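A.B. asks: This is what each chain is made of:
There are 2 protein chains.
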Amino acid sequence: MKPLAVDPLTRTAFAPFGDVIETDGADHFPINSATTERFHDLCPVVGRKTLISIFRGRPFALPIPIAMVERHPLGSQAFVPLDRRPWLVVVAPSGPDGAPGEPAAFLATGAQGVSYAPGTWHHPLIALEAVSEFLVVDHATADNLEEHEFGDGGWVIERLP
Amino acid sequence: MKPLAVDPLTRTAFAPFGDVIETDGADHFPINSATTERFHDLCPVVGRKTLISIFRGRPFALPIPIAMVERHPLGSQAFVPLDRRPWLVVVAPSGPDGAPGEPAAFLATGAQGVSYAPGTWHHPLIALEAVSEFLVVDHATADNLEEHEFGDGGWVIERLP
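Heads up: the protein sequence lines correspond to chains A and B, in order. Here the first sequence is numbered in our numbering, starting from 1 and rising by one per residue. Here the second sequence is numbered in our numbering, starting from 162 and rising by one per residue.
Wrong hints could be hidden among the right ones.
[Claimed, not checked] Computed list of lysine to any residue pairs in SDA-like fashion (alpha-carbon distance at most 25 Å, straight line):
no., chain 1, residue 1, chain 2, residue 2
1, A, Lys2, A, Pro93
2, B, Lys210, A, Gly25
3, A, Lys49, B, Asp304
4, A, Lys2, A, Pro16
5, B, Lys210, A, Asn144
6, B, Lys210, A, Arg48
7, A, Lys49, B, Ser214
8, A, Lys49, A, Pro118
[As the list claims (entries may be wrong)] Residues of chain A placed beyond 12 Å of chain B at every Cβ, according to the derived structure:
no., residue
9, Lys2
10, Leu4
11, Val6
12, Thr10
13, Thr12
14, Phe17
15, Pro44
16, Ser94
17, Glu102
18, Leu107
19, Leu135
20, His148
21, Val156
22, Arg159
Honestly, the hints are just simulated from the structure, not real lab data. Note that this is a predicted model, so its numbers are computed, not measured. The C-beta atom is built at its ideal place from N, Cα and C for all residues, glycine as well.
All chains should be modelled from the sequences, with the hints used to inform the complete structure.
C.D. replies: Spelled out as structure tokens, the structure:
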């Protein structure tokens, strides 16, 4: 297994893969007689039938093997933490043949969600520290899941920033 | 202002207005090699262009006047608390003329969101205790807002359960 470094999650670093869902740096305006500030339209939602679900993830402990990734070609998939705990985002670019290239790993704060753009290779949910819940906005569509197993045992995350 | 009683939020009581978004009592199944439990498709998402936003709400303090309600005829609108704090849900049935009838008020726990069905009269976001953030899934559509001011000064919430 090859070591995979983890960087802090930022909008710029994550832009090739989708969008970071956070209030920091987002467009916002007051609504409801200024009792509420709306951080508006934080990511595209793409797909045919939008679903709202909650994922309850078991925490992973270091070292974390990254043996596979998956993608949803026909729709976006957004994850937003409901417990304000940090979590791990692992994505990979698509090579010319469509297979995933070398993955990238990001440490998200508990105030950061992400939306994977359609067709973006990513590891399934990686909660940290404790059982954690995430609101998930994705799409009910047939033929919307592809999986890829890395050869050579894949990658391993040995430490966090 | 007429006093408006507050009940705990339950799926049954809220059914005429939309759906409660919570894991308790929801269908679920393991995914991701059983590292994640998916509480699946918790509410319908109805509308033309789905938006994901974060609303940051200032807390209301008792007594809370309910002078108006609004509705979105062309799409659903879901609110899920990101800070695990209780919050207030105020809705009203539509009378035969389409105007709101007597409102109902529900105290949601910090683990409960709601989705308002299209056309459901509701009060704008009422956070409690502290500034609180909510993930909001709604729809960008023209002509999707109606507002109604109650006569006689409306209603007032004087206490919580």
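A.B. asks: Mind verifying the non-interface call on Arg159 (chain A)? Its CB should be farther than 12 Å from each CB in chain B.
C.D. replies: The assertion about Arg159 (chain A) holds, with a minimum of 20 Å to chain B.
A.B. asks: For Ser94 (chain A), is the shortest CB-to-CB distance to chain B above 12 Å, so the non-interface label stands?
C.D. replies: Non-interface label on Ser94 (chain A) holds, nearest chain B Cβ at 21 Å vs cutoff 12 Å.
A.B. asks: Could you check that no beta carbon of chain B comes within 12 Å of the beta carbon of Leu107 (chain A)?
C.D. replies: 18 Å, holds
A.B. asks: Find the nearest Cβ of chain B to the Cβ of Glu102 (chain A) and say whether that gap is larger than 12 Å.
C.D. replies: Answer for Glu102 (chain A): holds, closest chain B Cβ roughly 22 Å.
A.B. asks: Beyond 12 Å from chain B, beta-carbon-wise, is Lys2 (chain A)?
C.D. replies: Consistent with the label, Lys2 (chain A) stays out of reach of chain B, its closest Cβ about 21 Å off (over 12 Å).
A.B. asks: Far enough from chain B: is every CB of that chain over 12 Å from the CB of Thr10 (chain A)?
C.D. replies: 18 Å, holds
A.B. asks: Is the hinted pair Lys49 (chain A) and Ser214 (chain B) satisfied, with a Cα-Cα distance of at most 25 Å?
C.D. replies: 18 Å, holds
A.B. asks: Within 25 Å, alpha carbon to alpha carbon, are Lys210 (chain B) and Arg48 (chain A)?
C.D. replies: 10 Å, holds
A.B. asks: Since Phe17 (chain A) was said not to touch the interface, does its Cβ keep a gap of more than 12 Å from each Cβ of chain B?
C.D. replies: Non-interface label on Phe17 (chain A) holds, nearest chain B Cβ at 16 Å vs cutoff 12 Å.
A.B. asks: Just double-check Leu135 (chain A) for me: nearest Cβ-Cβ distance to chain B has to come out over 12 Å.
C.D. replies: 5 Å, violated
A.B. asks: Hinted pair, alpha-carbon criterion (25 Å max): Lys2 (chain A), Pro93 (chain A). Please report holds or violated.
C.D. replies: 17 Å, holds
A.B. asks: Would you say Val156 (chain A) is clear of chain B, with no C-beta pair closer than or equal to 12 Å?
C.D. replies: 16 Å, holds
Taken one by one, the earlier hints fail for this structure at numbers 15 and 19, listed in ascending order.
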